[in-house]
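Peer 1: Listed below are the residues making up each chain.
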Amino acid sequence: EDKVVQSPLSLVVHEGDTVTLNCSYEVTNFRSLLWYKQEKKAPTFLFMLTSSGIEKKSGRLSSILDKKELFSILNITATQTGDSAIYLCAVVKGTPLVFGKGTRLSVIA
Amino acid sequence: NAGVTQTPKFRVLKTGQSMTLLCAQDMNHEYMYWYRQDPGMGLRLIHYSVGEGTTAKGEVPDGYNVSRLKKQNFLLGLESAAPSQTSVYFCASRANLAGVTTGELFFGEGSRLTVL
Chain B
1 EDKVVQSPLS LVVHEGDTVT LNCSYEVTNF RSLLWYKQEK KAPTFLFMLT SSGIEKKSGR
61 LSSILDKKEL FSILNITATQ TGDSAIYLCA VVKGTPLVFG KGTRLSVIA
Chain F
1 NAGVTQTPKF RVLKTGQSMT LLCAQDMNHE YMYWYRQDPG MGLRLIHYSV GEGTTAKGEV
61 PDGYNVSRLK KQNFLLGLES AAPSQTSVYF CASRANLAGV TTGELFFGEG SRLTVL
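Sequences listed follow chains B and F, in order.
Per the numbering used here, residue 1 is the first one in the first sequence, and the count goes up by one each step.
Per the numbering used here, residue 1 is the first one in the second sequence, and the count goes up by one each step.
With the rest of the complex left out, here is chain F (with noise of 0.2 Å):
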């Protein structure tokens, strides 16, 4: 029973170096979410997905990319990291409830990266 699964959970990088976070849910759920965390901030959306090979950008989508191949994964991208891109990440997931999107969401248990 995984859920929504993140991976890695921690990483430390370098500025401009590259990395991917992966999000995985077995729910067979429409909706991809990426947010991300900061002290005092809540939760600010990055990037969001309705569906396989669609993705909109959310509140703060500069300096980041997604990509939604599969239906159940949803990647998060960051080409040239920069310290202000430090921070955790979320993934969820939320189903469409014939037409009515008022579902609960169901989180990952967030990926905690540094950039130096």
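Chain B on its own, in the form it takes in the complex (with noise of 0.2 Å):
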């Protein structure tokens, strides 16, 4: 059976703080990795990861891809305020895709 697994399922760090996110994967048929934010809404997407080892980079947040190991961490520096939201991991095999539950991170002030 497909799993993917995030870890920690909540956290919360103060303002400035870095954080790391993990998402651990077993899945027959491997084809991408996404990473999505989630705040009051709809996911929002963040990165999708398809080669190993090869780090994707948007302002504070970067995130890699380790396809022997079968993980992803999300890497977010300087943490903000408007980081806190459910972020999602997703990995797609064909066309399902699987989704972790979610970390759950809050910053606060």
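Just to be clear, a hint being listed does not mean it is correct.
Said to hold, decoys possible - In silico DSBU-like pairs for lysine-lysine, Cα to Cα no more than 30 Å straight-line:
#: 1; chain 1: B; residue 1: K3; chain 2: F; residue 2: K14
#: 2; chain 1: B; residue 1: K41; chain 2: F; residue 2: K71
#: 3; chain 1: F; residue 1: K70; chain 2: B; residue 2: K67
#: 4; chain 1: B; residue 1: K93; chain 2: F; residue 2: K14
#: 5; chain 1: B; residue 1: K93; chain 2: F; residue 2: K70
#: 6; chain 1: B; residue 1: K40; chain 2: F; residue 2: K57
What the hints assert, rightly or not - Partial list, derived from the structure: chain B residues whose beta carbon lies under 8 Å from chain F:
#: 7; residue: P8
#: 8; residue: K37
#: 9; residue: K41
#: 10; residue: L97
#: 11; residue: F99
#: 12; residue: G102
#: 13; residue: S106
Because the hints were derived from the structure by calculation, they are not lab data.
For each residue, glycine too, the CB sits at the ideal point set by N, CA and C.
The task is to assemble the complex, starting from two chains supplied on their own in separate frames and drawing on the hints.
Peer 2: Here it is, written out as structure tokens:
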């Protein structure tokens, strides 16, 4: 059975901290891994990772994929209260996607 | 620039009632999906479609039916609603990029359904 496991499930940090969110997977027919941020409504796209070892970066957020060890991490540096959200990891395996349960990040001032 | 539109956004039903959620996308995407999201459970796939006239079951299909009569629309039906179907429902679509399905999902704003 396909599995995508995110850790931790929830996290509370102070503004300015650096956080690392984890996503491990056991999925047949892996195509790519996606990261999304969900605030109040629909998830918004952050990154798509297909190749191992290549870092994707956008401002204070970065992500990397390890296809040998079957995991990805999402790093957020210098966190701000606006980073408070649920972060979702999804693995594309052909047509369906398998989502993890998400990590709820709370950033307090 | 609508993207993915879901209607209705909110609905309250009584147990046993039926209803249909409509998802429309204007990006000419081949793939469409219905997910439900419950606290602590992430997004769980209900049904999906790889093209007009085709549908397939996802992880939690029981109690739901779907139809994709037109490429741009994907309907989710509840024939006899149950309290366990209280949830937030998200529709999403994705392009099939030259036969390589690695593309990003585009989500609708969500539909909050409460079954009493």
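Peer 1: Each of the hints needs a verdict: does it hold here or not?
Peer 2: Hints, verified against the model:
no.	hint	verdict
1	K3(B) - K14(F)	34 Å, violated
2	K41(B) - K71(F)	25 Å, holds
3	K70(F) - K67(B)	38 Å, violated
4	K93(B) - K14(F)	37 Å, violated
5	K93(B) - K70(F)	25 Å, holds
6	K40(B) - K57(F)	28 Å, holds
7	P8	13 Å, violated
8	K37	12 Å, violated
9	K41	5 Å, holds
10	L97	7 Å, holds
11	F99	4 Å, holds
12	G102	5 Å, holds
13	S106	15 Å, violated
Violated hints, listed in ascending order, are 1, 3, 4, 7, 8, 13; each of the other numbered hints is respected by the structure.
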